[in-house]
Structure formats: structure tokens, C-alpha cells
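Protein chains: 2
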Amino acid sequence: MQLPAAPGAVLIDLAGVLHVGSDAVPGAVEALTRLRATGVPLRFLTNTTRSPRQAIVALLHELGFEIAAAEIHTAVHATRQLVDERGLRPHYLIHPDIADEMGPSHTEPSAVVIGDAGPHFTFDGLNQAFRLLMQGLPLIAMARNRYFKETDGLSLDLGAFVAALEYAAGIEAEVVGKPALPFFHGALHELGVEPAAAVLIGDDLHDDIGGAQRAGIAGILVRTGKFRAADESDEEVHPVLVVDDFAAAVRAILGG
Amino acid sequence: MQLPAAPGAVLIDLAGVLHVGSDAVPGAVEALTRLRATGVPLRFLTNTTRSPRQAIVALLHELGFEIAAAEIHTAVHATRQLVDERGLRPHYLIHPDIADEMGPSHTEPSAVVIGDAGPHFTFDGLNQAFRLLMQGLPLIAMARNRYFKETDGLSLDLGAFVAALEYAAGIEAEVVGKPALPFFHGALHELGVEPAAAVLIGDDLHDDIGGAQRAGIAGILVRTGKFRAADESDEEVHPVLVVDDFAAAVRAILGG
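As they're listed, the protein sequences go chains A and B. Under the working numbering, the first residue of the first sequence carries the number 83, and numbering increases by one thereafter. Under the working numbering, the first residue of the second sequence carries the number 83, and numbering increases by one thereafter.
Mixed in with the good hints, there may be bad ones.
The list treats identical chains as interchangeable, and a pair is accepted whether it falls inside one copy or across any two copies.
What the hints assert, rightly or not - Only pairs whose alpha carbons sit at most 25 Å apart, straight line, appear in this in silico SDA-like list of lysine to any residue:
(1) Lys-231 with Thr-204
(2) Lys-231 with Pro-191
(3) Lys-231 with Phe-205
(4) Lys-231 with His-288
(5) Lys-231 with Pro-220
(6) Lys-231 with Ser-104
(7) Lys-231 with Ser-315
(8) Lys-231 with Gly-252
(9) Lys-231 with Gly-218
(10) Lys-231 with Asp-326
(11) Lys-231 with Ile-253
(12) Lys-231 with Ser-192
(13) Lys-231 with Arg-305
(14) Lys-231 with Glu-148
(15) Lys-231 with Gln-210
(16) Lys-231 with Ala-193
(17) Lys-231 with Glu-190
Hints were generated in silico from the structure; no laboratory data involved. Remember, predicted model here, so these are calculated numbers, not experimental data.
With the hints as constraints, model all of the structure from the sequences given.
The structure is reproduced here in C-alpha cells:
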């Protein structure tokens, strides 16, 4: 796979690429402004499922990034679309902050839908979901990330609780966010751009770059956020470029 | 593998074999009395890690079973022995009811030790354990059962939370209770009996019968507790006998 000479769209991961926690990555604000000036359509992808889209936009604005809510492709929103399209009656195990975005749980559910509830995960909540899975309901996971970096250290992400339910119930979840192909393709579909014409910039070798690779999208790996030195020599996932940070990725795309 | 003509020891699983929840399995009390009358040494095995040994003995006495605390080989007790033998400084993620049996957590731990905390599992407790695992501490799991039957339905067992931590931290736990071979061999070692001379009676195809099979012990599967019809035709695990219940297992052992 090669970097397209003049990409038709750029997909940009948020956490670890534009910001780490509540700090902007140095040079990222200016680099995004330069990228925007070229007129290339942008979509920002995130598997964060603890916060509603408006809260994500508010944080980005506070850090100086000019990003519209409609440009952000969240796993939460993609899950809501999937629930609506399939006419599912969801039982939600999610963070209270996204309850408004998802709507109410049904009393006679047809699927268990799980997001990152963080400190709101309880034994009783997990057990209730487990019992529904044992009755044969499918498990739809907004994402299955292992952990993320908080200001005071690494923290368990949604994937741990998905793995717990999968193991106990002997089933496999359907994942909506990265690295699921429909998530990447959905973002490009909105823009009418083919995968081969797009570029993705991400810090997560497997979920960002690996997912993009399977979706037919060239991936640029940045050495910020979750990046680990071993990521540069992975046997299966091959970024088209590995660069120091988002600003360097933008320079590479702009050919300068 | 064959049923020994005159076994040197009988290993008996508790939940699902002698009792289901707070009900004795019909005929089990009398069958245990007949088995005892032959003088064959007995050991009772349990992966239950929510209750101290004395509480298990108390429940069995209430149901009419004559069983001494010293005859019960629990995953909790085996874990305490392992912690002591290896001189570990444990960080415990366990049920408060077994805190006395395990002793205090260390402030500078060398291992994370997890038992079934049930409703006492919290995000913060799991996250604290996760952070220690990410620092390189090993995970020792008292058991990794998927679920068990409560009076109001199936409930998540310890295995779900072990799977959560394993997935997030990218590690594999060391399991102490069934189906780990040292657990079976430890019970027999106390009695000075070789595996080939012993018999196990259990309701869990994989953890009881499969574990016993790998440990060189003939396993009798009972059709109570967790038993499912498909267990009789498993490709890998082969009970020497499948019988209706504990009383039938005792009849088979006594040759009558």
C-alpha cells in the first residue's frame, strides 16, 4: 500500500494523535489548520464511549482545534445508527453520560449493547447483561480497546468487560468501532471517497493502522499516545509511514 | 482409563454433586454414609472462593452431610498454601468473607491474587489490579469458572474477571483450583494415594472430569448440577462412567 499523492480524505484518530488527555500534542493545532487549508475533507474517528460527542467537541475546542461535531465519527454514534437500522431493542450497559445519545433500554430486549461505563461498571450490571446473553441475545460492543492513558496512569477500557462477558457466556461480541471495517467505510461513505484514495493517521497499531489496512486505507502511524517502539517492526501490520507526530504526518501528506 | 476395582481414595466435587444451592441432591446423604462405611479415604474438592471453609462445612452439615473441615480441599486454601510456599507478597482482589483465611494485602506486592469477590468486584478494584499487572506482577487466580447456578439464576463466576484482566493486560493467569493438576495431586498427596488408584466424582465435564483425566485419575460424571446432555459425547474428555447422580456413582464404585 502507498500514500496517495493527493488524498481524497484524511481520517484522523483523536486521543493520542491530536491530544493526550487534556493536553494538545505540540504542533498539532497549527498542523490541522494547514491541512484544512488544502480543502481535503476530514473525518475524526474515536472509540471513546464514555463521553457524548458534544463533550468531545468541547474538549477539542478548548485545546484550540477547529472541529465540527458533524466531522467526528464516534463509536457511540455508529452504534446508535446500527441499533436504529436493525430495529434492535437494546439492553444498554453504558456510561450515564451517553444515555441521552443512545435512548432508553427496552424492558424486552433483543440485544445487549455495551459501552465503556468506567467506574459505573458493577457486578450487578454485568451479571444482568450476562443472564441476557445466556438467553441467547447477541452482544454488541461499541469497541473493545484494552486500556487507555489517564492523567494518573493506565486504566481498563471497555475491552476488558467485553472479554469478561464473552468468556462467561461462551460467545463473541460484534464490535462497532475501530478496528471494525464498517466503521472506517462508514466514515468514507459519508464523503463519497474510496478507501484507496484515503489516508488514516493514528497512534494505535492494531485498532487504527491494522483496521485501516484491512479496510484498504493507507495508515500513517505517529510516535505519540499509545505508540510503542515494537510497533515499527510488526509482522502483520504495516503503516505506509511512521512519523514522530501529527505535524510530521501532515507534512508527509502535503508533500513538504 | 478404567474404574479401579477397589479405589485407594475418592475425590468428590461439592456443588452440583452433593448439593445444588441449598438443597442436598436426593439420596446423596445416605450414599455418602455408605461410602464412608467402606473406610476409603475421601477428599472433597471445591473451587468456591466466596466462602471460607468453615461456612462450606456449616452448609454441608445443615444438609445432613458428615464432612470434616480437614477433608475439604478448597481453591482458597490451596492458594494460601501457594502464597506461603513461594513467599509471595500478595495484592488480594477477593471476597471480604475470605480475607481472614488469606491474610492482609501487602503495600509492596509481588503478585496479584484474585478470588470470586462477586458483588464486591468494582471498577476501582479491578483497575488497581490491572495497573499492578501492567507493572509486570503475575496474576494468580484461585479458579476460572465461567458461571454458577444461584437460586435466582446463573451468575458470573471468577473466570469472567480473570478473563477481563488477562485481556486488558495481555497476560495469562496461573490457575490454582480445578482443573489445575497440582490441585488434584495435592489432594491425593495428603492421602499418599497415586492418581491411578483414585476416582473422582464430578458434574463439570471440563474442570472436574477433564482435569482428573489429565491428572491420571478416573472420573465419574454425574447428570446433576452443571451436567449437559452434550457432555456424554465430548471428543476430548472421556468419563469412565456417566451416571444419574452421586448415589449411582457410589453404587458403581462399591460394585453393587
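Since the copies are identical, ignore which copy is meant and state whether Lys-231 and Pro-191 lie within 25 Å (CA to CA) inside a copy, between copies, both or neither.
-> The answer is between: 23 Å across copies meets 25 Å, while 34 Å in one copy does not.
Tell me, please, which holds for Lys-231 and Thr-204 at an alpha-carbon limit of 25 Å: within, between, both or neither?
-> Answer is both: 21 Å inside a copy and 19 Å across each meet the 25 Å cutoff.
Identical-chain pair category, Lys-231 with Gly-218, by Cα at 25 Å | Only across copies: Lys-231 and Gly-218 sit 17 Å apart there, 34 Å inside one copy, limit 25 Å.
Up to 25 Å CA-CA - Ile-253 versus Lys-231, copy category = Between copies only: 19 Å across, 28 Å inside.
How do Lys-231 and Phe-205 come out at 25 Å by Cα distance, when the copy is not named: within, between, both, or neither?
-> Intra 24 Å, inter 16 Å, cutoff 25 Å: intra and inter.
How do Lys-231 and Glu-148 come out at 25 Å by Cα distance, when the copy is not named: within, between, both, or neither?
-> within (24 Å within a copy, 54 Å between copies)
When no copy is specified for Lys-231 and Gly-252, does a C-alpha distance of 25 Å or less occur within a copy, between copies, both, or neither?
-> Answer is between; shortest inter-copy Cα gap is 16 Å, intra-copy 30 Å.
25 Å Cα threshold - placement of Ser-315 relative to Lys-231 = within (23 Å within a copy, 47 Å between copies)
When no copy is specified for Lys-231 and Asp-326, does a C-alpha distance of 25 Å or less occur within a copy, between copies, both, or neither?
-> within (19 Å within a copy, 53 Å between copies)
Identical-chain pair category, Lys-231 with Ala-193, by Cα at 25 Å = between (30 Å within a copy, 23 Å between copies)
Under a CA distance limit of 25 Å, which applies to Lys-231 and His-288: within one copy, between copies, both, or neither?
-> The answer is within: 16 Å in one copy meets 25 Å, while 38 Å across copies does not.
How do Lys-231 and Glu-190 come out at 25 Å by Cα distance, when the copy is not named: within, between, both, or neither?
-> For Lys-231 and Glu-190, the Cα distance is within 25 Å only across copies (23 Å; inside one copy 37 Å).
Checked against the numbered hints listed earlier, the structure breaks none of them; every hint is satisfied.
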